[in-house]
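Undergrad: So the sequence lines, in the order shown, correspond to chains A and B. In terms of this note's numbering, the first sequence has 233 at position 233, counting the first letter as 1, and numbering is strictly consecutive. To convert, count from 1 in the second sequence and add 451; that's this note's numbering.
Because the hints were derived from the structure by calculation, they are not lab data. Virtual Cβ for every residue (Gly too), placed ideally from N, Cα, C. Treat each hint with caution, since some may be false.
Partial pick of chain B residues on the chain A-facing surface, computed with a CB cut under 7 angstroms [as the list claims (entries may be wrong)]:
id, residue
1, Gly522
2, Met565
3, Phe566
4, Lys631
5, Thr633
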Amino acid sequence: MKIFDQIAMCLQNLSRRKVRTALTTMGVVIGTCAIVVMISLGVGLQRSQEAMLAQMGDLTKIEIYNYAGAGGQSEIPNLDDSVVQQIAAYDHVEVITPLVQADWGKITIQCGDYLYQDSIYGVYPEALEKLGYLLKEGKYPSGKEKDYTILFGEYGPYSFYDPNGNGEWYDPNSGDDPPVDVFRDEVTVSVGIADAETTEQEAPVHEAQVTGLLMGDWNKGYETFYGAFLPIDQLYELYEEYDEVNNISSSSSTAFNPRKINYNRVSVKVSDMKYVDEVETKIQELGYETYSMESVRKPMQEQTNKMMLILGSLGGISLLVAAMGITNTMIMSIYERTREIGIMKVLGCVVGDIRTVFLLEAGLIGLGGGAIGVLLSYAISFVLNMLGSGGLGSLLGGMYYGGGDATRISVIPIWLVGLALVFSTLIGLISGFSPANRAVKISALEAIKHE
Amino acid sequence: MDKTPFIQIKDLRKVYKLGKERVVALDGINLTIQRGEICCILGTSGSGKSTLLNMMAGLERPTKGQVLYSGKDVTRFDERRWALFRQKNIGFVFQSYNLMTGLSGIENVAMPLMFRGMDKDKRTRIAKEMLREVGLGNRMKHKPTQMSGGQQQRVGIARAFVTKPKIVFADEPTGNLDSKTTMEVMELMVNKSRENNQTFILVTHDNGIARYADRIVTIVDGRIVKDEANESIARTREQIAADQKAQQPADGKEVEEAAPLSEQAVAANMSTEGAE
């Protein structure tokens with residue numbers, strides 16, 4: 001028998017008993033609907049949690065804090081460039097940069113008569129963009145410039161003061177113009193003089209180019225507002241110059257030694273949230289302390305998953321009932337059609353074809369019910385979301401998100417649709433399996449005598 | 452034995468167990484049927500005639516003995532092979548018609564062709580023609596419930612002959628029909644069988660319809676008690692063949708189809724592996 005004929009026969013059989021087919025399908029519709037809506041609530045909850053976490057910080061970022069290992073009295077290896085490169089080579093690591101806060105007073109940034117008075121940081125300049133630092137103005141340093149390049153935080157220009165002035169403080173929120181225009185005015189960097197008595201040298205003054213201003217973001221940190229970023233190589237060049245100018249011998253413990261670099265903060269960005277755990281574990285195995293949103297996200301997600309499982313099981317129960325309905329319908333149908341099955345067998349229909357027809361019928365009830373169930377779920381989901389902004393929303397999600405933006409309480413992702421269809425079809429096939437085999441085992445001779 | 456018989460039944464025995472009692476339904480049947488033969492198995496209710504038919508069609512397994520088709524033992528066939536064998540080689544006419552109530556006349560007749568995997572257009576065309584041949588050209592689209600008994604049986608006959616099977620079994624085909632319709636139906640089946648040189652095996656308790664057969668095998672208590680040629684019909688058949696030859700000397704095809712095939716050709720045609 002051709003599959004087309006089998007399908008035609010199956011449709012014919014189903015349409016002959018319209019009411020029963022409709023009722024059985026309705027069972028599957030309700031079951032599928034229950035599962036899909038329940039899970040969609042879980043997904044909605046998960047989405048809103050993620051949105052909330054994303055507001056708190058970048059979910060794909062891991063910060064490495066390394067204060068314990070400083071000084072070499074610990075077993076943990078120094079977190080230097082080689083370790084950074086090692087981590088950079090891990091799977092799923094997109095970008096990595098150390099964040100070095102320059103020692104106080106070693107470096108001076110000057111713009112006209114004004115001196116920069118806030119923290120200076122050394123970073124891998126090419127990492128900034130990928131780490132999600134947004135620009136307010138200008139561009140990112142490429143790291144290949146010959147000149148010293150500076151990228152200021154959003155309020156960087158307000159962090160200048162006049163050393164000869166009366167200590168006036170410029171408030172970025174006041175609407176006043178900053179004291180300097182870092183793009184127009186000449187900006188220079190130089191090293192500080194630790195003690196004017198131990199050195200006669202004048203610190204050389206280097207021209208510097210300001211490439212841009214960052215967009216301030218409290219989730220990324222203070223430095224995006226008030227910091228000044230230098231490429232890390234340029235920072236170390238200035239360190240060496242500082243030692244030279246201040247006559248600090250390279251054997252001195254206070255001297256800068258590139259072999260003793262031990263970053264105490266390194267930012268790692270992972271390509272996707274799902275790899276954060278894996279990468280973070282690997283870094284922790286190296287002995288460093290880390291922080292990521294994962295530590296907040298994970299328990300939250302576990303809770304949500306648990307909730308989804310409970311909600312899904314509730315839906316599952318109704319689908320189980322529907323499965324019994326299918327089995328019952330198919331068994332009934334076999335009793336009614338015993339004689340027909342017998343005739344088919346006598347006329348030379350191979351048993352495989354008979355089984356296929358019955359399985360198709362059961363599978364079709366499952367698939368049809370699943371499809372209608374999914375459509376109905378979309379409708380229910382729509383209504384829930386409409387109501388959700390009011391009563392139920394605050395009940396379910398209110399504890400997680402205060403702001404009402406992008407908060408749908410019921411979300412049906414496409415995988416859920418696929419899952420629902422596959423699952424309901426499978427339920428149909430499984431329910432139809434034993435009746436189909438029963439049909440196959442009917443003795444042709446008995447069947448044609450059957451009335 | 453220089454020639455392999457078309458159907459050969461060897462020492463066929465069937466014993467049923469009813470509780471502790473053993474009922475011997477068939478007690479050593481030996482029977483040889485030639486291709487194109489119209490054979491009536493005559494017996495009273497409980498004589499074992501239906502059991503014999505069921506075993507020849509693979510609907511029941513014998514306790515002992517063999518059924519050979521062109522020398523091939525079919526008694527050990529599994530269910531699937533039997534289904535394919537019936538699909539290819541056997542047609543059935545039942546006492547209670549056994550039509551599909553939900554299907555139209557055409558669909559009922561086309562069903563065995565569908566089992567073979569024939570295209571819908573083609574099988575519908577063949578079924579229509581077959582229905583016209585049995586005289587139901589104007590009721591093809593009716594459902595069995597909208598037909599008289601005689602019409603239903605004609606649909607049954609069309610269904611049995613539509614695949615041009617080598618053997619057609621009919622189990623009390625006229626049991627539910629009045630005497631006029633019985634005559635029409637019997638003539639229809641016998642003529643159809645003769646047309647295509649099909650072997651027709653009629654199982655009945657009715658002496659009246661047994662006379663349509665070339666040969667009457669009488670069974671009593673599971674044994675063949677009488678096996679005789681029906682002289683009048685045999686003569687008539689020869690007469691018909693002679694008439695046909697005389698009337699249509701140019702139309703070779705018609706004659707060729709009516710003439711019995713050689714047994715080798717039958718053996719070659721008697722395929723057990725049908726298309727699904």
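Undergrad: Against this structure, judge whether each hint is valid.
TA: Checked hints:
1. Gly522: Status violated, d = 22 angstroms.
2. Met565: holds (5 angstroms)
3. Phe566: holds (5 angstroms)
4. Lys631: Check failed: Cβ of B:Lys631 comes no nearer than 27 angstroms to chain A, outside 7 angstroms.
5. Thr633: violated (21 angstroms)
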